[in-house]
Structure formats: structure tokens, C-alpha cells
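**Q** Protein chains in written order, with my numbering: chain A, 27 to 473; chain B, 2 to 317; chain C, 9 to 341.
Hints in this document: simulated from the structure, not taken from any laboratory. Where a beta carbon is used, it is the ideal one built from N, C-alpha and C, also for glycine. Don't take every hint at face value.
What the hints assert, rightly or not - Distance windows between CB atoms, simulated:
hint : chain 1 : residue 1 : chain 2 : residue 2 : range
1    : C       : P130      : B       : I23       : 53 to 63 Å
2    : C       : P130      : A       : D424      : 17 to 27 Å
3    : A       : A52       : B       : H163      : 50 to 60 Å
4    : C       : K223      : B       : H163      : 43 to 53 Å
5    : A       : A285      : B       : I16       : 40 to 50 Å
6    : C       : G124      : B       : I23       : 53 to 63 Å
7    : C       : I297      : B       : A9        : 29 to 39 Å
8    : B       : K68       : A       : A472      : 18 to 28 Å
9    : B       : L15       : C       : P190      : 48 to 58 Å
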Amino acid sequence: MKTFKIGGVHPAENKLSAASPIREAALPKQAVFSMFQHIGAPAKPVVKKGDEVKVGTLLAEAGGFVSAPIHSSVSGKVSKVDVALDASGTRRMAVYVDVEGDEWEESIDRSPALVKLSNRPELDSKAIVEKIKNAGIVGMGGATFPCHVKLSPPPGCKAECVIINAVECEPYLTADHRLMLEHPEEILVGLQLIMKAVGVNKGYIGIENNKPDAIALMTEKAKGYQGIEVVPLKVKYPQGGEKQLIDAVISRQVPAPPAIPINVGAVVQNVGTAFAIYQAVMKNKPLIDRIITVTGKSVKQPSNLLARLGTPFQQLIDECGGLPEDSGKIIGGGPMMGKALLSLDIPMTKGSSGLLIMNDKEARRAQPSPCIRCAKCVSACPMGLEPYLLSKQSKLEDWEGAEKNDITSCIECGSCQFTCPSHRPLLDMIRVGKSTVMGIIRSRAAK
Amino acid sequence: MVNVILIAVCVLGLIGLASAVILFVVSHKFAVHEDPRIAQVGAVLPQANCGGCGYPGCSGFAAACVKAADGGSLEGKLCPVGGQPVMEQVAGILGLAVEAAAPKVAVVRCNGTCENRPRQAQFDGARSCRVQQMTGMGETGCGYGCLGCGDCVSKCQFDALHMNPETGLPEVDEEKCTACGACAKACPRGIIEIRLKGPKGRRVVVLCNNKDKGAIANKACKASCIGCGKCVKTCEKFEAITLENNLAYIDAEKCKMCRKCEEACPKGAIHGFNFPPRKPKAEEPAAQSNQSNQSNQNTQSTPSTPIKEVEPSKAE
Amino acid sequence: MANRLIISLSPHVHGGDSVQKNMYGVCIALVPALLASLWFFGLGAAIVLATSVLSCVFFEWAITKFLLKRPGCTICDGSAVLTGLLLGFNLPSNLPIWLIIIGALVAIGIGKMTFGGLGQNPFNPALVGRVFLLISFPVQMTSWPVAGQLTAYTDAETAATPLFIMQNAIASGDPAELQKLPDATQMLIGQTGGSLGEVSALLLLIGCAFMLWKKIITWHIPVSILGTVAVFSGIMHIVNPIYAMPHVVLMSGGLILGACFMATDYVTSPMTGKGQLIYGICIGLLTVIIRNWGAYPEGMSFAILIMNAFTPLINTYCKPERFGEVIRKEEKK
Numbered sequence: 027m028k029t030f031k032i033g034g035v036h037p038a039e040n041k042l043s044a045a046s047p048i049r050e051a052a053l054p055k056q057a058v059f060s061m062f063q064h065i066g067a068p069a070k071p072v073v074k075k076g077d078e079v080k081v082g083t084l085l086a087e088a089g090g091f092v093s094a095p096i097h098s099s100v101s102g103k104v105s106k107v108d109v110a111l112d113a114s115g116t117r118r119m120a121v122y123v124d125v126e127g128d129e130w131e132e133s134i135d136r137s138p139a140l141v142k143l144s145n146r147p148e149l150d151s152k153a154i155v156e157k158i159k160n161a162g163i164v165g166m167g168g169a170t171f172p173c174h175v176k177l178s179p180p181p182g183c184k185a186e187c188v189i190i191n192a193v194e195c196e197p198y199l200t201a202d203h204r205l206m207l208e209h210p211e212e213i214l215v216g217l218q219l220i221m222k223a224v225g226v227n228k229g230y231i232g233i234e235n236n237k238p239d240a241i242a243l244m245t246e247k248a249k250g251y252q253g254i255e256v257v258p259l260k261v262k263y264p265q266g267g268e269k270q271l272i273d274a275v276i277s278r279q280v281p282a283p284p285a286i287p288i289n290v291g292a293v294v295q296n297v298g299t300a301f302a303i304y305q306a307v308m309k310n311k312p313l314i315d316r317i318i319t320v321t322g323k324s325v326k327q328p329s330n331l332l333a334r335l336g337t338p339f340q341q342l343i344d345e346c347g348g349l350p351e352d353s354g355k356i357i358g359g360g361p362m363m364g365k366a367l368l369s370l371d372i373p374m375t376k377g378s379s380g381l382l383i384m385n386d387k388e389a390r391r392a393q394p395s396p397c398i399r400c401a402k403c404v405s406a407c408p409m410g411l412e413p414y415l416l417s418k419q420s421k422l423e424d425w426e427g428a429e430k431n432d433i434t435s436c437i438e439c440g441s442c443q444f445t446c447p448s449h450r451p452l453l454d455m456i457r458v459g460k461s462t463v464m465g466i467i468r469s470r471a472a473k
Numbered sequence: 002m003v004n005v006i007l008i009a010v011c012v013l014g015l016i017g018l019a020s021a022v023i024l025f026v027v028s029h030k031f032a033v034h035e036d037p038r039i040a041q042v043g044a045v046l047p048q049a050n051c052g053g054c055g056y057p058g059c060s061g062f063a064a065a066c067v068k069a070a071d072g073g074s075l076e077g078k079l080c081p082v083g084g085q086p087v088m089e090q091v092a093g094i095l096g097l098a099v100e101a102a103a104p105k106v107a108v109v110r111c112n113g114t115c116e117n118r119p120r121q122a123q124f125d126g127a128r129s130c131r132v133q134q135m136t137g138m139g140e141t142g143c144g145y146g147c148l149g150c151g152d153c154v155s156k157c158q159f160d161a162l163h164m165n166p167e168t169g170l171p172e173v174d175e176e177k178c179t180a181c182g183a184c185a186k187a188c189p190r191g192i193i194e195i196r197l198k199g200p201k202g203r204r205v206v207v208l209c210n211n212k213d214k215g216a217i218a219n220k221a222c223k224a225s226c227i228g229c230g231k232c233v234k235t236c237e238k239f240e241a242i243t244l245e246n247n248l249a250y251i252d253a254e255k256c257k258m259c260r261k262c263e264e265a266c267p268k269g270a271i272h273g274f275n276f277p278p279r280k281p282k283a284e285e286p287a288a289q290s291n292q293s294n295q296s297n298q299n300t301q302s303t304p305s306t307p308i309k310e311v312e313p314s315k316a317e
Numbered sequence: 009m010a011n012r013l014i015i016s017l018s019p020h021v022h023g024g025d026s027v028q029k030n031m032y033g034v035c036i037a038l039v040p041a042l043l044a045s046l047w048f049f050g051l052g053a054a055i056v057l058a059t060s061v062l063s064c065v066f067f068e069w070a071i072t073k074f075l076l077k078r079p080g081c082t083i084c085d086g087s088a089v090l091t092g093l094l095l096g097f098n099l100p101s102n103l104p105i106w107l108i109i110i111g112a113l114v115a116i117g118i119g120k121m122t123f124g125g126l127g128q129n130p131f132n133p134a135l136v137g138r139v140f141l142l143i144s145f146p147v148q149m150t151s152w153p154v155a156g157q158l159t160a161y162t163d164a165e166t167a168a169t170p171l172f173i174m175q176n177a178i179a180s181g182d183p184a185e186l187q188k189l190p191d192a193t194q195m196l197i198g199q200t201g202g203s204l205g206e207v208s209a210l211l212l213l214i215g216c217a218f219m220l221w222k223k224i225i226t227w228h229i230p231v232s233i234l235g236t237v238a239v240f241s242g243i244m245h246i247v248n249p250i251y252a253m254p255h256v257v258l259m260s261g262g263l264i265l266g267a268c269f270m271a272t273d274y275v276t277s278p279m280t281g282k283g284q285l286i287y288g289i290c291i292g293l294l295t296v297i298i299r300n301w302g303a304y305p306e307g308m309s310f311a312i313l314i315m316n317a318f319t320p321l322i323n324t325y326c327k328p329e330r331f332g333e334v335i336r337k338e339e340k341k
């Protein structure tokens, strides 16, 4: 069984909602669209207070090349353009829409019929990328990197294969798993579109071995598509990391930053992104909804919801039996890399793959004790770094030393902190160091 | 016997001679020429190596001073720790005169005490402001106020900053503060300002850093600046107060210490430091006691006085 | 939701490993050897081990509380118990109580707490204690009681250990001396004289296997030490038969105890696999060199302490293989 070569841990999987089919969440009363739903420049609002919008209407245009437009997921009236608390924990610009009815833009094809690539021979690479760009699609795994940027390789780089990330290595989350079980053909067509967009004829779908039903179904369906191969992978975190996945599937290691996956000939997209690309290109539907796993040990009904973007998290948790009494921490995303949320009024965004409720006892970290230099963090680090050292150097503000020890290679997967027997907040300090060192490098480059 | 002693003496003597020759050669061959004035200047510096002057430690500053003196002026060079007396000594060594620089002090521009600013969440992780800053707003509804983990306190080399466990805010010991600026650099939210100390240590400061709109700032903290601009109006004559990003700022250079703004602020966000106590007026005892309560909590090292009456201070 | 929400940076879950689990895991791995030592040395073993563990725990508590004045209790983390146990394992069963207490004080006080407590010490505390005693009280520390005297303590009869026999063989240059060595099965099970924890090679290896299974240690250090000793002493034996056979060398003295339990101490061993191999190989070489040509019959503790001193250097130069490094190197070519 294939997997990545260095480090890795195996957290308890806790896939509580794996057997629960995707159901549609109710429409919110008010939807809030943050302008910061992707990495890069914020989107620029093009609507103003009082404007009528339909489902699919453009709310904000891309603020640069590395940016993405935002579309309304509901119909109704724009009530204000103001700051709103978002998943980053800060107040940032957002568009508020009061929901009235559910009227869709006419250009969107809402029929469930499958449109194959052979039905649309006129689509060429440029047209596909353009459509993806206009639909505002970003990486749906959580990184929210604008999709069209990845599909436009820089000059001198040539893609050799496309890898679909269906690993879902985060504990608890099952959104991708359910998506594969319920929409396998759409995902495969989406993959074909990506392959055509970057001009390659080899596609892989990497799935971890804890989803045997998805592996069987996708392998079966993939027989009808040329050049697509399903790769079962050994269960190990952080296999869903882009670099780790490339290493696992095609055994190539992406060098340290500033190198990116395309330098080794790979384009990686999340399985949810592939599905969104299918909808955008074949059905003309911009990115307005996504599947989100609402889960947690004390949640009454852990489920996978198809929810409109901008829906407040409060409503999603209400649909799954309400917020449990003993809730201690609310996490947007999975437990390994998700962000702890400040409030349930925060709206879901393009990158919200999960909503995890932890009870008070689970949520509290144990008291840290001195480092016993056991080197477990070193053997767990999937990037081959020395977390104990980087954390210490960050604490002592030895930025030069941290840079020398490749702190910028850290992917913030949390394996070190997960494995530390002394419960030390290793990643907390490494993050401080990483952001400072990145700042130093940037200012040096600017000179 | 004599033989043994003789051999020992000879061997030792030869080793000594050889070492002396090696030392002599090496010390001449690898000698680094340094301006003797750098060492002289270094000797009068405090050797705290705090970096407050903007140079890497005291020796770096000494070298910079000597270089600047060759250019003819010590302008812009100030050791914030040693202050004026040390700079005069430095100037004396380098044969120059030095302009007077007004003493400065660190001011914590946040009054979000536990009481004023209710905690909404609980931060769990490495006790560091910079880490907490990465979680977003942090524990309170104010995204600009003090995070309370004491990064500034640990950076202070002069024991001039301390956390007050009751308020959860750092307090500046004005006697010990040398205005080196290490705390200001350490604060991820830029709350600490190195500000003119003012005549007799008297100064008027907006103790808030919140750039949110009024409604949000008001909800987050009882003592926040809501950007209403009343203070700006009271200060039209001197134009010392500016309002930018929903936050008032008092220019210490222009402030005339009339303290009218302090009175005008509806939120009590403006504070005077080290002013003599004012005579309380009898007709407003309730408001007065309320005010004095608040200001007692709010002052940093010296209790500020109840704000009732404008008494022209001697500084004017 | 009565309480305030907790916010923190990711990860929000923990693997559940802890310092206690690791420390007590090693203690559990030492239990078979402990029982064997009680079986062979009876009362003496019980007194030595109990004194050693109790005094180590006491000194840890007392120093933290009265000298360092730190809040909280560090004795619960199990490191003092482990140090005490390992120190006891390194002592002969007829050692007087006052000497053991001095050893414990040196181990915890000088070996560990002077440097700031758990995780800060450059040298293995138990070995610091043992070597201190060995150098200061060589007579008491090198008179090994014969196994099987269950009720004897300081009055136990002593005899030469296999290590003495080996040294005698080298000193006299007569390979016939080696005939006096006990046979291999006896050494494996442990009916020979020696320190408490050294007597049963088999049970120590079982403990080591337990630690490997529980992932408390990795294979690098024990395998590299034992392998190097086997190869090096094998070559020596072939070149000149006055040097003992490799399997006897492996099972004699504190070699297995040192390789599996002392050299693998987290705090004082290198962090990366590569570093641990270098560390292990050097310990193996030094041990054989000290045993064959040094003044002391046993070289394990000195070898480990010497390599402890090199651990920071090894850590500086042996970095783990970074992700993507292979490609980076190829590009440079």
C-alpha cells in the first residue's frame, strides 16, 4: 500500500457521520458573504445596499489575479455591506443579504442529468479555465487557493498528471467520502475537465484505505474513463497535504519553498473542487454551496449537509440536533488543522469542510511539562524538520537559526504537537516563528 | 639534581620564549584597528544592550556615534536609557555639543480591564501575545486591545513593566522606564507607545487603540474610544487631537494639558497622568465617586485625579 | 453553553502520549530484570533497590521544593523513580546504605537538578551517580557478591565477575584464563556475579523488546551498540585469542543494560536516527576499548557518559532528511 515516506501520525479517526447521506440544509434568513473566502487579494463588492440579488448573482469581483469572485447563494435583498466576524476571528468586510424566496439565475442548469465531456466537444483548455475563474472556485479542502491559478502553470513548467485529493485524512470529516459515494460520475467528469485544462492525459484519485466502499465504487466507475486511476493509500495523517499526497501517489518530493507542486509535474485538486468544477463548467453553476460535515462526540445527529455559502454555523448545528450543553470548543474544519471559532454567528465560507463541536473536557489542552528530548516530534514531522528546535528558536527569537533549520517548510499539520508526550505547544511557537521568518524573507526580497 | 633543575628551567624558558614570539607575531599580524574613541564612548554607555537606540547593542551605538561625530553632528543619536546626561558625556568625548532631547516614557494605550472589557472566550495555548493574536480577536470582543499574556513584560530589561493581576493589563513604572521601546516592539497589536513624558511627567493620553466603528467598540469595552469626535471639537484651538480610523489621538507636541478633552470624552477613554488632585465639587457626589473609582483602576502608576474641574496646571 | 468558548490554535486533539507513560513504561520493562535480581541476590537486592529509588525520589522532591522553590510536584512524572531504579541496577548488592544515598544525591542533585531538572541534564543522572561512586569508592563498588546468597547483605561472599576474568586473561596474555568464564547459557540466564541489573541478559532483552513494541525507544541505539561490540570484539578475538569471544563480551557486565536502558535515555541521546546510529557505534567502540585496554574492567558507563557529551554536537550535524531534499541535492549536481 502506498503512502508518503517521512513521518506522519495516526489520530483516532472518529468518522461519526460516515454513514449519514448528504442532506440539504434549509435556507438561512440572512446570508453573510465574507470577502475573504480565499487566499490572496480580497474580493471587491459590486453590489450596494438595497440591490436585489438571485441565486448565482455576482456579489463581488476578484480583487486581483490570485483572488476569486463571490456569488450570492440566496435570493433576496442586500441589506448592508459592512464588517462581519469571520472564521479568522477578526472582523472583515462582508455582504449581508436578507433572504426572500429561492429564485435562481436562469443560466444555471439545475437538472440532475450527467453531462459528459464527450457531449461538449467545443470546450478547450482556455474556456474551461475561464469558466472556473468566473465561477469563483477555490481549493475546497480548506486551503482555499484560487483554482484557476493552479490550472495556469507558470511558464517553463509542464504538468504531467492531475491528482485528486480524496484522502480526507482529518479525523471526523466525511464530506468528501459521502460526495464520492453519491456523485462519483460527476467527480470523474470534473477530473477529466481539469486534465483537459492543464493538457495531460493521466489522472489519479488518491483515497485512504479507511474508505473501502468509496475505493470500490470509484475504481468501478473509473473503468469507463480513460487515463484515470484510483490509488488506495495507507491511512496516515497528513496524507491530504499536497506535498505528502504527491509523494504518496507518484513518489516525487516537492522541494522546499518557493518550489510548488507543478515543479514536479503535478497538479493537485480536492475532490470537492473537482465536483464544483463539473458544476461550473457543465451546469454553469458558480460556487454557491458545498458539503460540510457537522460532527462531534456529543452532537445528536452528526451529518453531512449540503449548505449554501453564507449560512451561519448556528443554523447548521441546529439542523443536527442543536448545540450540546457541554460544548467547549467549536472548530471550523477538522481537529488537526481547523480553526477554533469565536462564535456560532460566523457564516460558512468556501473553505468550510467541517464544523466540529468538542466538549469542554476534550477541548482543554493538558498542562505542558519540560521537553524530555524524546525526538518523537522529529520522527512524526512529515517534512523532516525538528519541531522541538524550531519551537525553541522561535521562543528565543533566533530567527536566523530558525530560517537555517527550514522553518518555512513547515506545513503546520500539527503532527508534532499531537505526538508530544510533554504536551508542549510546539506548533503555537513554530507558527510565530514561521510568520516572522516569512516576513523577514519578504522584506529582504523587497530590498 | 642540579642537572634536573637546569633541564627543567631550560625547557620552561624555551617554551615561554616560543610562546612569547608566537603571541607577538599573532597580535601584530591579526591586530584589528579600532578607533579608541569607540571604547571610550562605550565606557559611558549603560551597557544594557537593549537596542532602544536602534543599533545592535551599546558597542554598535558607540561605533555609530563616533561615525556621526566624524560627520560633525550627533543629531538623531540618543541613548534612551542613559538619556540626556549620558549623551552629554558622549558629546564631551567626541568634542561636540548635544541638543536637548525631551525624556520619553512607555504608555500602555489600553484600558480594557477585566471589568471594562468582558471576556467572551478563553485562550488555551502557549502564553504568548503573539500566539493569541493568531487566533484572531483573542479572548475579548476587542481586536485591538491588550491580550494580557505579557510579551512586553518579559521584554523589559529594566523591571519597569508589570502585569496587574486585577486588571489583566501591564503597568509602567515611570521611575524605571527608560523608553527603550523594547515593549512597544514586542506588542503584536502596537498598543504601547513611546511618548513624551511631558513637564513633570504630566501628559494627557487616549487610552484606547480600538479602530472599530463606534457601535462595535462600544459593545466590546466600556472604556473604548468610539470615534465620536467630541474631544476633537474641544481641542479646535490647539489642533492637538486628530481622529483617524474611528480612533482619537493626542499629539503630545501640541497638547497644552488643558484636560478639556478628558472631560468631554463620554467614555472616559482620555486620561491625564500625574496631575495634582482637583478639588471635588460638592453638588455631584455620585458621579464624582463613580469617576474616581474608575480612574483609580485606570491609572498606571500614579493615581489620576477625578475629572471635575479644569485647573490650569503650572505647566501651562 | 454556560462556559466561555475555548479558543486555541490547531491541532485541537492530542495523541494521548505522556511523560509518565514513557517513564513508567521503562520501569515496567525493567520489572523482569528486577525480579531476577531479587531471585539471585535476595535481601541485598531489595535493600539496595529500595534505598536507591526512595532516596532519588526524596532528593528530587526536596531539591525542587527547598532549593529551586518551584511550585508543583515533579516526582509524579516518574523520572526520579526511573533514575533510582537504574542507579540501583548499577550497584553491587552488598553496597552499604549510606553509599547508596550518596550515589542518589549525586545522581539527582549534581547529575540532574543542577542543570535545571528533567530534560536539561547533559549526562545520564544514574550513570553520573554510579561513576561517582565507582571512582570515589572503588573497593566497595567492585566487590561483587556471588549469586544465590538470599539472606546476605553487606556480609555476602564475593567472587570475580566474568569481566575480571577477561581482564586477567588480557593482562596475563594467556587465553587459558578464559576457561574460567561461566558457560554461555549461564550468562544468558544470569547466574553470575555482577551488579544487580546486569545479571540476566535474557530478561533485559525481554524488557527491551517490550519498549520497542510500545514504541518507547527505537531500534537504532541498542542495535548499533550491540552490533558494534559484537563485530569489534569478534575481530579482536580472531586476531588474538586472549580477547574473549564476542557472545561472552555481549552478555557480560552492564553491556545490555547500558545499551537498552541507559544509552537510550531520551534526554541525553541524539534526536535523529542517523545521529543515534553514530552515537551507538561510538559507544560500542569505546566500551570495547576501555574494557580491553583501560584500567577499569567495565567500560560501558564511561563510554555512555563520554558520548553524552557529544550528543549536542551530533544533534547539530545530524539533521533529519528534509522532505524534498533528494531533489534539492540532484538539482545542485
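**Q** Confirm or reject each hint.
**A** Right, here's what the structure says about each hint:
no.: 1; hint: C/P130 to B/I23: 53 to 63 Å; in the structure: violated, 34 Å
no.: 2; hint: C/P130 to A/D424: 17 to 27 Å; in the structure: holds, 20 Å
no.: 3; hint: A/A52 to B/H163: 50 to 60 Å; in the structure: holds, 53 Å
no.: 4; hint: C/K223 to B/H163: 43 to 53 Å; in the structure: holds, 45 Å
no.: 5; hint: A/A285 to B/I16: 40 to 50 Å; in the structure: violated, 58 Å
no.: 6; hint: C/G124 to B/I23: 53 to 63 Å; in the structure: violated, 40 Å
no.: 7; hint: C/I297 to B/A9: 29 to 39 Å; in the structure: holds, 34 Å
no.: 8; hint: B/K68 to A/A472: 18 to 28 Å; in the structure: holds, 26 Å
no.: 9; hint: B/L15 to C/P190: 48 to 58 Å; in the structure: holds, 57 Å
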